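Engineer: Next come the chains, spelled out residue by residue.
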Amino acid sequence: MKKYQLGEFEEVVMLTVGILYNEAYGVSIKKEIEERLSRKVSVGALQTALKRLEDKGYLKSHEGEATQERAGRPKRYFVITALGKRALEHIRSTREKLWGAIPKIALNPGKFDTAF
Amino acid sequence: MKTAFPPKLFLRFFRWFCHPELRDYIEGDLMELYNERHNDLGKRKADLKFIIDVLLLFRPGIIKPSKQNHSLNNYAMFKSYFKVGWRNLLKQKGYSLINVGGLALGMAVAILIGLWIHDEFSYNKIFKNYDRIALVMQNQVFNGEIETWSSQAMQLGPAIRNDYSNHFEHVVMVRGTFDHKLTFNNNSVRKMGAFMDTEAPEMLSLQMLKGTRSGLKDPYSILLSESSAKAIFGDVDALDKIIKYNDKTEVKVTGIYKDIPYNCDYADLEVILPFQLTVILDNLESRVGWGNSWFRCMVQLKEGADINTASNAIKDVKYKGVMAHGNVNDDIRFKPELFLHPMSKWRLYSDFKNGVSVGGAIKYVWMFGVVGTFVLILACINFMNLSTARSEKRAKEVGIRKTVGSIRSQLISQFFTESLLIAFLAFVFSLLLVQLSLPWFNEVSNKHLTLLLSSPLFWMVCISFTITTGLIAGSYPALYLSSFKPIRVLKGALYSGRSASIPRKVLVVVQFTVSVTLIIGTIIVYKQIQFAQNRPIGYNVNGIISAPIRTEEIKKHFTVFREELLKTGAVKEVNATDSWITETYVTNSGFTWEGKDPNMSEEFVTLRVTPEFGKTVDWQIVEGRDFSRDIASDTLAFIINESAARYMGIEHPVGETMTWLPDNGTYKIVGVVKDLVSQNPYAPVKQMIYILNYKRINYINMKLNPNFSAHEAIAKVESVVKKYDPSNPFEYKFMDEEFANKFKGEKRIAAIAFVVSTLAIIISCLGLLGLSSFVAEQRTKELGIRKILGASVAQLWQLLSKDFIVLVLTSCIIAIPLSFYFMNNWLMQYQYRITISWSIYALSGMMAILITLATVSFQTIRAAIANPVKSLRSE
Numbered sequence: 001m002k003k004y005q006l007g008e009f010e011e012v013v014m015l016t017v018g019i020l021y022n023e024a025y026g027v028s029i030k031k032e033i034e035e036r037l038s039r040k041v042s043v044g045a046l047q048t049a050l051k052r053l054e055d056k057g058y059l060k061s062h063e064g065e066a067t068q069e070r071a072g073r074p075k076r077y078f079v080i081t082a083l084g085k086r087a088l089e090h091i092r093s094t095r096e097k098l099w100g101a102i103p104k105i106a107l108n109p110g111k112f113d114t115a116f
Numbered sequence: 001m002k003t004a005f006p007p008k009l010f011l012r013f014f015r016w017f018c019h020p021e022l023r024d025y026i027e028g029d030l031m032e033l034y035n036e037r038h039n040d041l042g043k044r045k046a047d048l049k050f051i052i053d054v055l056l057l058f059r060p061g062i063i064k065p066s067k068q069n070h071s072l073n074n075y076a077m078f079k080s081y082f083k084v085g086w087r088n089l090l091k092q093k094g095y096s097l098i099n100v101g102g103l104a105l106g107m108a109v110a111i112l113i114g115l116w117i118h119d120e121f122s123y124n125k126i127f128k129n130y131d132r133i134a135l136v137m138q139n140q141v142f143n144g145e146i147e148t149w150s151s152q153a154m155q156l157g158p159a160i161r162n163d164y165s166n167h168f169e170h171v172v173m174v175r176g177t178f179d180h181k182l183t184f185n186n187n188s189v190r191k192m193g194a195f196m197d198t199e200a201p202e203m204l205s206l207q208m209l210k211g212t213r214s215g216l217k218d219p220y221s222i223l224l225s226e227s228s229a230k231a232i233f234g235d236v237d238a239l240d241k242i243i244k245y246n247d248k249t250e251v252k253v254t255g256i257y258k259d260i261p262y263n264c265d266y267a268d269l270e271v272i273l274p275f276q277l278t279v280i281l282d283n284l285e286s287r288v289g290w291g292n293s294w295f296r297c298m299v300q301l302k303e304g305a306d307i308n309t310a311s312n313a314i315k316d317v318k319y320k321g322v323m324a325h326g327n328v329n330d331d332i333r334f335k336p337e338l339f340l341h342p343m344s345k346w347r348l349y350s351d352f353k354n355g356v357s358v359g360g361a362i363k364y365v366w367m368f369g370v371v372g373t374f375v376l377i378l379a380c381i382n383f384m385n386l387s388t389a390r391s392e393k394r395a396k397e398v399g400i401r402k403t404v405g406s407i408r409s410q411l412i413s414q415f416f417t418e419s420l421l422i423a424f425l426a427f428v429f430s431l432l433l434v435q436l437s438l439p440w441f442n443e444v445s446n447k448h449l450t451l452l453l454s455s456p457l458f459w460m461v462c463i464s465f466t467i468t469t470g471l472i473a474g475s476y477p478a479l480y481l482s483s484f485k486p487i488r489v490l491k492g493a494l495y496s497g498r499s500a501s502i503p504r505k506v507l508v509v510v511q512f513t514v515s516v517t518l519i520i521g522t523i524i525v526y527k528q529i530q531f532a533q534n535r536p537i538g539y540n541v542n543g544i545i546s547a548p549i550r551t552e553e554i555k556k557h558f559t560v561f562r563e564e565l566l567k568t569g570a571v572k573e574v575n576a577t578d579s580w581i582t583e584t585y586v587t588n589s590g591f592t593w594e595g596k597d598p599n600m601s602e603e604f605v606t607l608r609v610t611p612e613f614g615k616t617v618d619w620q621i622v623e624g625r626d627f628s629r630d631i632a633s634d635t636l637a638f639i640i641n642e643s644a645a646r647y648m649g650i651e652h653p654v655g656e657t658m659t660w661l662p663d664n665g666t667y668k669i670v671g672v673v674k675d676l677v678s679q680n681p682y683a684p685v686k687q688m689i690y691i692l693n694y695k696r697i698n699y700i701n702m703k704l705n706p707n708f709s710a711h712e713a714i715a716k717v718e719s720v721v722k723k724y725d726p727s728n729p730f731e732y733k734f735m736d737e738e739f740a741n742k743f744k745g746e747k748r749i750a751a752i753a754f755v756v757s758t759l760a761i762i763i764s765c766l767g768l769l770g771l772s773s774f775v776a777e778q779r780t781k782e783l784g785i786r787k788i789l790g791a792s793v794a795q796l797w798q799l800l801s802k803d804f805i806v807l808v809l810t811s812c813i814i815a816i817p818l819s820f821y822f823m824n825n826w827l828m829q830y831q832y833r834i835t836i837s838w839s840i841y842a843l844s845g846m847m848a849i850l851i852t853l854a855t856v857s858f859q860t861i862r863a864a865i866a867n868p869v870k871s872l873r874s875e
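If you read the protein sequences in the order shown, they are chains D and S. Read the first sequence against full-length UniProt numbering and you will find it ends at 116, with the numbers running on by one and no gaps. Read the second sequence against full-length UniProt numbering and you will find it ends at 875, with the numbers running on by one and no gaps.
Everything labelled a hint here was simulated from the structure, so no lab data went into it. Values in this document were obtained by computation on a predicted structure and should not be read as measured data. Ideal Cβ positions, reconstructed from N, Cα and C, are used throughout, including at glycine. Treat the hints with caution; some may be incorrect.
The list that follows gives simulated cross-link-like pairs (lysine-lysine, BS3-like), each with its CA atoms no further than 27 Å apart [as the list claims (entries may be wrong)]:
#1 Lys244(S) to Lys210(S)
#2 Lys40(D) to Lys8(S)
#3 Lys230(S) to Lys191(S)
#4 Lys49(S) to Lys40(D)
#5 Lys45(S) to Lys40(D)
Covered stretches of chain S, going by a simulated chain D footprint (3 or more residues, C-beta under 8 Å) [to be verified]:
#6 20-29
#7 702-714
If we strip away everything but chain D, and leave its shape as in the complex, we get:
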């Protein structure tokens, strides 16, 4: 079923937003992902993903405070919506179902090598 559409990077962004709770804005999300997954994230890719997720209704945003190091520009904080939550849960449950369906042998082939 294509009920909830979520790409891999989008899923990562949403989970990170969840982790940061109330503190999720552009730079913090970027740093969190880079730290936890040790991969580079460009501002462009992140902002595009955030915009798309907001368009889909999985995230919502509100304006935050402006600080000096941001040259007076406001932050934009993201939180997960109810729909976003359902989407994450859906993905998780489908993944788990898939994990459960894998026969043990498929992931531990070494033991049975001689039998074949």
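Chain S: place on chain D using the hints.
Structural biologist: Leaving out everything else, chain S in the frame of chain D:
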């Protein structure tokens, strides 16, 4: 902490492209990151990373839409434009008809001409080796003038083939095309065909249905086209069958090729015979030398060979050949030089003057191309004029739209939508018009054009051409109307005086200049044809039929044959000649006479005749006497024409003698006749010699008895001819028709010019009709008041028509020098031509003004006789 600054240029670039909703937040993020990096890594690395971030941000999700509200309502607006445009069309049916009709006419002309030009340019392209085939031509000097011939001596082919094989893949000698008699099972047909060397099928990339392309190897073989195989054999398999050729010999069918399409040289090639066959049958080896240019020599260049290099290489082949054969005093003096004429130029660049290519039919391609473009421009001008004239009506609409919030670009696109709508409607109609007029056009232009409906290129060209037309035609109204200031138009203060109508007037002048030029051109073409047709031709071709002689029997017993024909009563006189009497192109040289300039390389057109030739065609003897059957010495007598007397520089040539070198004897001139126009009717008559001969005759010419109907007379003639030549069908031509055919090409141009200029004037008048009705409408109130104050209908009519007459007169004044320039150039190609007289201009000017008056008066008189009460009562 001091705030560091990232590269300004990139920051500005980011601000420019970023979606405004996201701009602040993302810029904040960027700045935060920049500051952090600035502290950690230093300015240079921070700058670099900033630039990379900005560039990576340049992606669809972040870039702002090109127009605001883009996704919101453009579709709806376009839908509305269409609806409004359509309603405007329906609301004003008259204007729409003029607009669409005029544009459709213009486009139809342009499409027709486009198809014609396409056809001209694709001529010969069906040959696969199109780019590499060339004809060997020769330049020879006669009396200081270079003449260019496409014919060559038989010996040339082998000479080129043997010595220049590094340039050429194939060399093919050709003799023909003429008709050949083929008999199979007593069933005889005559088919057009040529003698060609063995490589010809390969060179012409013939599509073989049966047999192979090597079918000409054996001299006694023949290749048939599909349709001629069908004509001879019906459904029987023709391959390897034996056919009787010209009652002389037998040839075997070694192949059948697919009919050659019409749009090329050799389209009429129904059979191909080996060149070797004509060499054997006509005993050519012993008869013809380097001096007999009877054949054509085609070559195919090797892959990658350069035509200019090859052309230079073979320059002296004939010269050397003539020298080697010791024929020094003959052809050497003409200084023959060979060159290659590529196939791509055969059709459109076939004219040579003084040995240099001077174009040819390409001038007609240009001419029609220009004319077609002009007619299309005329139609576009109509559209522009009518739309701007109606702008007053739509000014209020523009004002309201602008007040409500339309921006200028929206109005521009609205007007473009409308003009494109009209252009596409016109395109559909023009396709219909083209389809309907194609049969006629094909007949006039002697082509087989069709709408190339299945060709994507055709559609691409047509549609882009429609869009261009729509854009050009719509540009003026779109840009002009959309520039109105809403306050002024809504207040009704649009009447910006005289200057507003100036562009309109200029356009009308352009239209009529083109139309009048075309009219003048057409009149001149017609006059020129008429002039040449009315030229005294010096003989009478009416009632003469000619038939080719196809059996030796007639030649052997010509005297008896003639008497038998006379006995039937159906013919008044009979003679025989070696050329068609209206097409005398056989030339001979080697004549000397007393007082001849020894340096003169003379050349005469010769016609071999039997004694009654003069009586049959009613020639007019100026001096001396006609040939006589009773004077035996007349076999050594010449009759010359006046041109010949002038050419020889003898005032009274009768009694003089001429010697025909090298061994043809000495002749006495017994008579001089008035010039007979039997070559190009636009050129002076060539110097001609008429010689008595009973053997080398090819055509019988018979003057029919007018007391019999042509049908009866021909039946009687046929019965006599059949007695001598039972196996051939009796074929004949009417000489008056043949003579008229000389004007075919020019008549074709005249017919097309006539139609195009008629269309041009119709389109211009349609525009004028629209404009005049608009002016009349606009001045209704003024006319009403004038009428109340005592103006007569005639005065009002004059008032309204005057403006238009002034415009048309201006056009005439511009058109006169223009058309003089073009037509004078055209006339220069004819030596026998009219001088352009003022009466032609007066006539065309009068015509233009009368047509204008008639068009305009329709509206102005209606406006002038209208009851003023009605026009003043409104509002």
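Engineer: The structure should be examined with respect to each hint, and the outcome stated for every one.
Structural biologist: Here's how the hints hold up against the structure:
no., hint, verdict
1, Lys244(S) to Lys210(S), "20 Å, holds"
2, Lys40(D) to Lys8(S), "25 Å, holds"
3, Lys230(S) to Lys191(S), "12 Å, holds"
4, Lys49(S) to Lys40(D), "12 Å, holds"
5, Lys45(S) to Lys40(D), "16 Å, holds"
6, 20-29, "holds (count 7)"
7, 702-714, "violated (count 0)"
Violated hint for the displayed structure: number 7, the only one.
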